[in-house]
Amino acid sequence: MKLENTQAQMRKGILEFCILSILDKKEAYPSEIIDTLKDAKLIVVEGTLYPLLTRLKNTELLTYRWEESSSGPPRKYYSLTKMGKAFLDELTETWMELNTAVTKITKNNSK
Amino acid sequence: MKKTVSVNIKGINFLIEEDAYELLQDYLDRLQRNLKNEEGSQEIFEDVELRIAELASSKLSDSKTVIELDDIKSILAALGNPEDFIDEEESSQFESFDSKSSTENTEKRLFRDTDSAVVAGVCAGIANFFKIDVVFIRALFIVIFFFAGFGIPVYIIMWIIVPKAKTTIDRLRMKGKPITVETMREEVENAADRLKNGSKKFADKIRKGDGYSDTVSRGARFISVFFGLGFVFFGLMFLVVFIIFGIGSTEIVPVHGEYGFLSAAEFGELVLSNSSDFNLFWWGAFMGTSCAILFALLIGSMLIFRLYNKWAKFSLLGLFLIGLTGGIICGIVGARTGRDFFSEGEGERIVGSVKSMELIVIPQLDESVSKDGFKVKSDNDGFWEMNDKFIIMDHINFKYIRSNDSLFHVRQNFQARSYSNKTALVKSENIRHKANLFGDTLLLDTKFKFPRKDKLRDQGVEIIIEIPENGKVKIGNQIIVLDKLRQEDNDYTNYRERGSMEGDGEYYHNDWE
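Protein chains in written order, with our numbering: chain A, 1 to 111; chain B, 1 to 513.
I should point out that these hints are in silico values taken from the structure, not numbers from a laboratory.
Do not take every clue at face value.
As the list claims (entries may be wrong) - Once the Cα atoms are required to be at most 20 Å apart in a straight line, the calculated EDC-like pairs of lysine to aspartate or glutamate come out as: (1) K2(A) - E39(B); (2) K57(A) - E43(B); (3) K12(A) - D405(B); (4) K57(A) - E49(B); (5) K12(A) - D84(B); (6) K76(A) - E49(B); (7) K57(A) - E46(B); (8) K59(B) - E32(A); (9) K76(A) - E43(B); (10) K57(A) - E39(B); (11) K57(A) - E38(B); (12) K10(B) - E67(A); (13) K472(B) - D405(B); (14) K76(A) - E39(B).
As the list claims (entries may be wrong) - Which residues of chain B face chain A? A partial, calculated answer using Cβ under 10 Å: (15) G11; (16) I12; (17) L15; (18) E38; (19) E39; (20) G40; (21) I44; (22) F45; (23) E49; (24) R51; (25) A53; (26) E54; (27) A77; (28) L79.
Stated by the list, open to error - Every beta carbon over 12 Å from chain B, so not counted as near; a handful from chain A, in silico: (29) S21; (30) K25; (31) I34; (32) L53; (33) M96; (34) E97; (35) T100; (36) A101; (37) T103; (38) K104; (39) T106; (40) N108.
Each residue gets a CB set at the ideal place from its N, CA and C atoms; glycine is no exception.
Same shape as in the complex, but just chain A (with noise of 0.2 Å):
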């Protein structure tokens, strides 16, 4: 097993909790999200957001506006929908019970 590769799946594993959260804050176009999602080095390449934000729409947790860009071409706004923001809430419920968990047992093999 790879060291790189378990570091991937790590990531992607919170890849769509990260962009929800990201989206729950406040509505996004792609752009934003990937400096974010840059920022905090969850993603290398920008490609793999594209394909995950199209079926995080079509399973209807996220849906999106047009807006005109004064310095490019028009941008499409993601937000949460009802579904998507029940569907976040889960996941942090999950997410915080994973963090303790995994606090909890990394310490424990520190000790």
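Fit chain B to the known structure of chain A by using the hints.
Same frame as chain A, now just chain B:
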């Protein structure tokens, strides 16, 4: 020196170096290939294009107006390999989220379920969509199959337009929240609730583009399912009518005699000029009606199942064109048949003359035309009677005019229509009707006949009786005299009265026409 080309990416024009353009083109081609099997691939592709346009415009400035190879290289590096966009692990991990918490809320789509397929999984897919046992859907298709094989084109069209469930996501959507009366009512109630919210809140929602679009799309969804069911219902009703009256030999046109009722096809044979016209008309009508039925069923399914793909649209167009062709064929044959009604031909036969005060008309019930002395008691609930060679009709017209001398004169007038005077005359001469004068008694058949090969061409028989001064005609218990008052008309030689006799010998005297 480098050559530049002008490209338009998502509505924005760029000047781009040729080698950079080639690199970009190659990248987009690879992307398209890799997205091929992904749901919403077109949308993902467009999103990527948008991002490329966005990044490209950020590379330009007042001093830099051309996209260079290095710009494209860095843009593509940021986007990553198209081969890495769709990650199988990622999608399966995503799906497990999906199945856990949102399956029940996902609106379902119709897919062909090839795992439980007998042919192509159409029935299984529909069963999944409505959450019922596939056996019922198969039974329904088999029933439609027996309707003149209609199940086959219906199945083939569904096969073409319904996508196959390829990924796990497809399979989940296929089994998502069922669309039932219950859930539809929920949707409507939800929509109503949302509309009831304060107008300010509502306006906010519109501004934010959230919630409102949801409400609208759900309302629209309800309406489209409603109309879809309507289309399918009328399509099926039309199909049943078509099967019963059109194709089948069910007899709908009432006719007396040994033939009883005629089917639509037999009736068509009596009207259309020849067998090639008949065949053309039959095929045209078959094409037209069956395509109209399939069209209605298809539109209905598209609305219910949200199948707005290009195959569905092509199928609609195809059905429309085939149906139109059928309609045009019928129209042409109809016009040609109509032409055969253009000219009227009249033939006349003199029955005889008699000097008398009174002419007695005695109807002869149709022993002569009925078979084996079998007397048909006509109650006029049939249009006509028919045997292998002849069409037999009743309703003899009578016309009374003033005689120029002191004699009764009786004539028969035969009428028929055709495309020319000459052929119409031939048809009128083919009409057989017995009228004999014995002394002052006129024996009249109540029916007349003409060869079946002459077709129904408005054939008719009129008895013209010239009545001398003070003469009277006695039919049954009616006595007809020429109206004295009307003699004072300047033009009284043209003066006439009319009447008609039905198949049962009953005479009806009409007023001045």
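Results of checking the hints against the structure:
Restraint check: the Cα-Cα separation between K2(A) and E39(B) comes to about 30 Å, which exceeds 20 Å; the hinted pair is violated. Restraint check for K57(A) and E43(B): the C-alpha separation of about 11 Å stays at or below 20 Å, so the hint holds. Among the hinted pairs, K12(A) with D405(B) is inconsistent with the structure: their alpha-carbon atoms are about 116 Å apart, more than 20 Å. Restraint check for K57(A) and E49(B): the C-alpha separation of about 18 Å stays at or below 20 Å, so the hint holds.
For the given pair, K12(A) sits about 13 Å from D84(B) by alpha-carbon distance, which is consistent with the 20 Å threshold. Of the supplied pair hints, the one linking K76(A) and E49(B) holds, its CA atoms being roughly 12 Å apart against a limit of 20 Å. Annotation: proposed proximity of K57(A) to E46(B) holds, straight-line Cα distance about 15 Å (limit 20 Å). For the given pair, K59(B) sits about 17 Å from E32(A) by alpha-carbon distance, which is consistent with the 20 Å threshold.
For a cut-off of 20 Å, the pair hint linking K76(A) to E43(B) stands: about 11 Å separates their Cα positions. Taking the CA atoms of K57(A) and E39(B), the gap is near 11 Å; set against the 20 Å cutoff, the hint holds. About 14 Å separates the Cα atoms of K57(A) and E38(B), which keeps this hinted pair within 20 Å; it holds. Straight-line distance between C-alpha atoms of K10(B) and E67(A) comes to about 14 Å, which keeps the hinted pair within the 20 Å bound.
Restraint check for K472(B) and D405(B): the C-alpha separation of about 14 Å stays at or below 20 Å, so the hint holds. Simply put, K76(A) and E39(B) have alpha-carbon atoms about 19 Å apart, close enough for the 20 Å limit, and the pair holds. The interface hint given for G11(B) holds, since its Cβ lies 6 Å from the closest Cβ of chain A, which is under the 10 Å cut-off. Restraint check, I12(B) versus chain A: the minimum CB separation of about 5 Å is within 10 Å; hint holds.
For L15(B), the interface hint is violated, the least distance from its beta-carbon to any beta-carbon of chain A being 15 Å, above 10 Å. Because the closest C-beta pair between E38(B) and chain A is about 6 Å apart, less than 10 Å, the hint holds. A distance limit of 10 Å between C-beta atoms decides the matter here; for E39(B) the minimum to chain A is near 6 Å, and the interface restraint holds. With 10 Å as the threshold, the beta carbon of G40(B) comes within range of chain A, its nearest partner Cβ sitting at about 4 Å, so the hint holds.
Because the smallest distance between the Cβ of I44(B) and any Cβ of chain A comes to about 5 Å, under 10 Å, the interface hint for this residue holds. Below 10 Å, beta-carbon pairs count as interface contacts, and F45(B) has one with chain A at about 8 Å; its hint therefore holds. The beta carbon of E49(B) comes within 8 Å of a beta carbon in chain A, closer than 10 Å, and the hint placing it at the interface holds. At about 6 Å, the closest approach between the beta carbon of R51(B) and any beta carbon in chain A falls short of 10 Å, and the interface hint on this residue holds.
Against a cut-off of 10 Å between C-beta atoms, the interface hint on A53(B) holds, since the closest Cβ of chain A lies about 4 Å away. Interface hint status for E54(B): upheld, as the beta-carbon distance to the closest one in chain A is roughly 5 Å, under 10 Å. The closest approach between the C-beta of A77(B) and any C-beta of chain A is roughly 8 Å, which is under the 10 Å cut-off, so the hint is satisfied. Taken as an interface hint, L79(B) checks out: its beta carbon lies about 4 Å from the nearest beta carbon of chain A, inside 10 Å.
No Cβ of chain B comes within 12 Å of the Cβ of S21(A); the nearest lies about 14 Å off, and the non-interface call holds. The non-interface label for K25(A) is consistent with chain B: the shortest C-beta to C-beta separation is roughly 14 Å, beyond 12 Å. With 12 Å as the threshold on Cβ separation, the claim that I34(A) sits away from chain B is violated: the shortest Cβ distance comes to roughly 8 Å. Residue placement check: L53(A) does not keep its beta carbon more than 12 Å from all beta carbons of chain B (closest about 7 Å).
At the 12 Å boundary, the C-beta of M96(A) stays outside the reach of chain B, the nearest C-beta of that chain being 16 Å off. No beta-carbon of chain B comes within 12 Å of the beta-carbon of E97(A); the shortest separation is about 14 Å. No beta-carbon of chain B is positioned within 12 Å of the beta-carbon of T100(A); the least distance is around 20 Å. Even its closest Cβ contact with chain B, about 18 Å, leaves A101(A) beyond 12 Å, as expected for a residue assigned away from the interface.
For T103(A), the condition that its CB be more than 12 Å from all CB atoms of chain B holds, with the nearest at approximately 23 Å. Look at K104(A): its CB is around 24 Å from the nearest CB on chain B, clear of 12 Å, so calling it non-interface holds up. The non-interface label for T106(A) is consistent with chain B: the shortest C-beta to C-beta separation is roughly 23 Å, beyond 12 Å. Every Cβ of chain B is farther than 12 Å from the Cβ of N108(A); the closest lies at roughly 27 Å, confirming the non-interface assignment.
Hint compliance for this structure: hints 1, 3, 17, 31 and 32 are broken, all remaining hints hold.
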